[in-house]
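Residue numbers (the numbering used here), protein chains in the order written: chain A, 1 to 390; chain B, 1 to 390.
Incorrect hints may have been included.
No copy labels: a pair is met if it fits in one copy or bridges any two.
As the list claims (entries may be wrong) - Think about it this way: if two alpha-carbon atoms lie no more than 25 Å apart in a straight line, the pair counts; the simulated SDA-like pairs of lysine to any residue are:
no.	residue 1	residue 2
1	Lys225	Glu111
2	Lys242	Glu6
3	Lys225	Asp103
4	Lys242	Arg321
5	Lys225	Glu84
6	Lys225	Asp87
7	Lys340	Arg121
8	Lys242	Asp126
9	Lys242	Glu3
10	Lys340	Gly241
11	Lys242	Asp103
12	Lys242	Gly337
13	Lys242	Gly11
14	Lys50	His351
15	Lys130	Asp113
16	Lys50	Arg183
17	Lys223	Tyr165
18	Lys340	Ile43
19	Lys242	Leu336
20	Lys50	Tyr4
Rather than coming from a laboratory, the hints here were simulated on the basis of the structure.
Just so it is clear, the structure is predicted and the values come from calculations on it, not from any experiment.
Number of protein chains: 2
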Amino acid sequence: MDEYPEIITGGRILMGPGPSGVHPRVLRALGAPVLGHLDPEFIGIMNRTKSLLAWLFETANEFTIPISGTGSAGMETALVNSIEPGDRVLVCVNGLFGMRMADIVERCGGELDVIEGEWGRIIEPDAVEKSLRARPAKVVAIVHAETSTGVLQPLEPVAEIAHRYGAMLVVDAVTSLGGAPVRVDETGIDVCYSGTQKCLSCPPGLAPITVGSRGAQKLAARKSKVQSWYLDLTMLHSYWGKERFYHHTAPVNMIYALYESLRIIHEEGLEQRYERHALHSRALGAGVEAMGLRLFAQGGYRAPMLVSIAIPEGVDDAAVRRYLLSNYRLEIGGGLGPLKGRIWRVGLMGHSCNRENVALFLTGLESALAAQGLQVEPGAGIAAARAVYK
Amino acid sequence: MDEYPEIITGGRILMGPGPSGVHPRVLRALGAPVLGHLDPEFIGIMNRTKSLLAWLFETANEFTIPISGTGSAGMETALVNSIEPGDRVLVCVNGLFGMRMADIVERCGGELDVIEGEWGRIIEPDAVEKSLRARPAKVVAIVHAETSTGVLQPLEPVAEIAHRYGAMLVVDAVTSLGGAPVRVDETGIDVCYSGTQKCLSCPPGLAPITVGSRGAQKLAARKSKVQSWYLDLTMLHSYWGKERFYHHTAPVNMIYALYESLRIIHEEGLEQRYERHALHSRALGAGVEAMGLRLFAQGGYRAPMLVSIAIPEGVDDAAVRRYLLSNYRLEIGGGLGPLKGRIWRVGLMGHSCNRENVALFLTGLESALAAQGLQVEPGAGIAAARAVYK
Numbered sequence: 001m002d003e004y005p006e007i008i009t010g011g012r013i014l015m016g017p018g019p020s021g022v023h024p025r026v027l028r029a030l031g032a033p034v035l036g037h038l039d040p041e042f043i044g045i046m047n048r049t050k051s052l053l054a055w056l057f058e059t060a061n062e063f064t065i066p067i068s069g070t071g072s073a074g075m076e077t078a079l080v081n082s083i084e085p086g087d088r089v090l091v092c093v094n095g096l097f098g099m100r101m102a103d104i105v106e107r108c109g110g111e112l113d114v115i116e117g118e119w120g121r122i123i124e125p126d127a128v129e130k131s132l133r134a135r136p137a138k139v140v141a142i143v144h145a146e147t148s149t150g151v152l153q154p155l156e157p158v159a160e161i162a163h164r165y166g167a168m169l170v171v172d173a174v175t176s177l178g179g180a181p182v183r184v185d186e187t188g189i190d191v192c193y194s195g196t197q198k199c200l201s202c203p204p205g206l207a208p209i210t211v212g213s214r215g216a217q218k219l220a221a222r223k224s225k226v227q228s229w230y231l232d233l234t235m236l237h238s239y240w241g242k243e244r245f246y247h248h249t250a251p252v253n254m255i256y257a258l259y260e261s262l263r264i265i266h267e268e269g270l271e272q273r274y275e276r277h278a279l280h281s282r283a284l285g286a287g288v289e290a291m292g293l294r295l296f297a298q299g300g301y302r303a304p305m306l307v308s309i310a311i312p313e314g315v316d317d318a319a320v321r322r323y324l325l326s327n328y329r330l331e332i333g334g335g336l337g338p339l340k341g342r343i344w345r346v347g348l349m350g351h352s353c354n355r356e357n358v359a360l361f362l363t364g365l366e367s368a369l370a371a372q373g374l375q376v377e378p379g380a381g382i383a384a385a386r387a388v389y390k
Numbered sequence: 001m002d003e004y005p006e007i008i009t010g011g012r013i014l015m016g017p018g019p020s021g022v023h024p025r026v027l028r029a030l031g032a033p034v035l036g037h038l039d040p041e042f043i044g045i046m047n048r049t050k051s052l053l054a055w056l057f058e059t060a061n062e063f064t065i066p067i068s069g070t071g072s073a074g075m076e077t078a079l080v081n082s083i084e085p086g087d088r089v090l091v092c093v094n095g096l097f098g099m100r101m102a103d104i105v106e107r108c109g110g111e112l113d114v115i116e117g118e119w120g121r122i123i124e125p126d127a128v129e130k131s132l133r134a135r136p137a138k139v140v141a142i143v144h145a146e147t148s149t150g151v152l153q154p155l156e157p158v159a160e161i162a163h164r165y166g167a168m169l170v171v172d173a174v175t176s177l178g179g180a181p182v183r184v185d186e187t188g189i190d191v192c193y194s195g196t197q198k199c200l201s202c203p204p205g206l207a208p209i210t211v212g213s214r215g216a217q218k219l220a221a222r223k224s225k226v227q228s229w230y231l232d233l234t235m236l237h238s239y240w241g242k243e244r245f246y247h248h249t250a251p252v253n254m255i256y257a258l259y260e261s262l263r264i265i266h267e268e269g270l271e272q273r274y275e276r277h278a279l280h281s282r283a284l285g286a287g288v289e290a291m292g293l294r295l296f297a298q299g300g301y302r303a304p305m306l307v308s309i310a311i312p313e314g315v316d317d318a319a320v321r322r323y324l325l326s327n328y329r330l331e332i333g334g335g336l337g338p339l340k341g342r343i344w345r346v347g348l349m350g351h352s353c354n355r356e357n358v359a360l361f362l363t364g365l366e367s368a369l370a371a372q373g374l375q376v377e378p379g380a381g382i383a384a385a386r387a388v389y390k
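Work out the full structure, taking the sequences as your base and the hints as a guide.
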């Protein structure tokens, strides 16, 4: 037997919390011949990628680039550049990614304050105000769509409060960008980062980030070097800017793929894309509820690109996911941390967000639950979803 | 005119300091359908990639993985994990990448000692011993093939001295790995990192790293958290190890590409590959000298995968490079920092290292120099190279 066989994969139907399905055009762009990272042809692609990213973030920030790492590298970039040792930082935690932010704040010497919210519910803006009134902070950090729970956080009131108390706002839009309005400028976000493998429907590996005037001022006024050389935004800005000051070697082909995925989003249009995500997640949610299951995230604040479902009593989480993977080639996610075994996370992200995937998931879930001995009215899920599409 | 045109590129003949040319098989692997990062199929690919990387590093270190960032992220990973605040670190600097190491050491709170070597010459092992005798250090850091100068540093004596004085050795093998013997275990390297876009002939975006027993002990004995969450090797090890403890989302398609590029190296064989690099760089060097030009790097210590050439008096650096790019579709590199305008850097890395590229470069250079009004005996370069191949 061959110890190192060729990769021959048909892929999967990706309805987990990311990576999402990728359009064949993006895969084709990924496989285009490599150019030097200082080649004039490639520099044109870099410039157009920046411009499309700013369009996607709905910002006029010139400082808008992809970081050469995954979404978590985007998180670390946003925080290590915004925080100097001793800065007080308020992190809103209602899921795993808020926890991760708190961890990074401590690693870069920030004085950490935390608002502990319930997993599955939003952070109440009042709690942010109460904390800032009691203990002023220089930075407030919050997750837009918490990938571990499926909750979509309203950002406008948090931005207003943060600014009123003289803090800048760092937002994690890893899961939301491209699937729900982020609108960096209108919302008043000072630093916002994302990842390519969710609603952008590009393979994982890059983290778009944008920095507004408060963020840029903070950077310019720093007394200490950013602790990470690789993620130093001032240096990255010179590399992606007119100076083209050599920093690291850009991941050329991943940038091809990001550019192509942004072109696809541009062709669809942002509002159309947001509506598409809202529509299909309504349909999927209605189907799930019609099958007698319960949606996990707080009503009214459900992220359209990630539906979290409470696992019914007595149903074997892993067995259901295995069933879907082996019988339907369909991947969904399980719960993380305290939610392990308690929820499923079903992604409807970018290219994966479509009617056929909704139908396939509901059909597959019905079979999987039946295999677990759970009584579900046949076809009830599909019928409820169909009613949404009418 | 279309503001955002499709990427349609024929690529280039990449003979710069990286990225190097990529085999079509690697581009095809890059474009394979995305799998979830926890998919059993993908986990198999991760395991085989680890195993091939250990083979390539010539190490038994179980702790051998690709970091999800470019070579510079590999450098930062090696240093932030090996250094705790207050640790004394000796960095050997004889080029840009040594300077970068020194910068990172300071950013992670190390007490920096530097041996300043001449750019274009090796670091004399005696200088390392003298420094350690005077001021003991916990870590010695050195570059194997200095990409800014084309010098190949002998590592064995440095490893022996470092260990004799109780220091661990961190080696930058970004440019050398896969093109010249690194032999981590035999040489006695404690932490070694590389990049994918040089002699591995994979697009830029990943940084292979391996950690030996001294490095692992240092990690286990740390009193402080590693300052980078994204590059925390202990967490990365749990993610890539049997635990599969969720960390970040692996850059799935880049790992496909790395795996395929490692398969190609495995098919060729390491010794054959080293000989191929040695042969073609001898031929290119002979050709360049026969044209009356001077090789820049110290004789006897020239990196086989990166030939540095002193730019003759009166020749316009940028004009020659533009000439090659526009007439031959051929990319070579200029000098960095103090060597800007003083040298060319010609890569013969991995898939780019072959006889036709040697011939093309010598032919192109002859024309480019003629266009600059420099007298070169027609065909002298090619004839000298041909003599090497006999």
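Hint by hint, here is what the structure shows:
no.	hint	in the structure
1	Lys225 / Glu111	both (18 Å within a copy, 16 Å between copies)
2	Lys242 / Glu6	between (42 Å within a copy, 23 Å between copies)
3	Lys225 / Asp103	both (20 Å within a copy, 10 Å between copies)
4	Lys242 / Arg321	between (49 Å within a copy, 20 Å between copies)
5	Lys225 / Glu84	both (9 Å within a copy, 17 Å between copies)
6	Lys225 / Asp87	both (14 Å within a copy, 19 Å between copies)
7	Lys340 / Arg121	within (17 Å within a copy, 56 Å between copies)
8	Lys242 / Asp126	neither (43 Å within a copy, 43 Å between copies)
9	Lys242 / Glu3	between (48 Å within a copy, 19 Å between copies)
10	Lys340 / Gly241	between (44 Å within a copy, 20 Å between copies)
11	Lys242 / Asp103	between (35 Å within a copy, 24 Å between copies)
12	Lys242 / Gly337	between (44 Å within a copy, 18 Å between copies)
13	Lys242 / Gly11	between (40 Å within a copy, 23 Å between copies)
14	Lys50 / His351	within (21 Å within a copy, 31 Å between copies)
15	Lys130 / Asp113	within (12 Å within a copy, 48 Å between copies)
16	Lys50 / Arg183	within (16 Å within a copy, 41 Å between copies)
17	Lys223 / Tyr165	within (22 Å within a copy, 36 Å between copies)
18	Lys340 / Ile43	between (44 Å within a copy, 20 Å between copies)
19	Lys242 / Leu336	between (43 Å within a copy, 18 Å between copies)
20	Lys50 / Tyr4	between (38 Å within a copy, 11 Å between copies)
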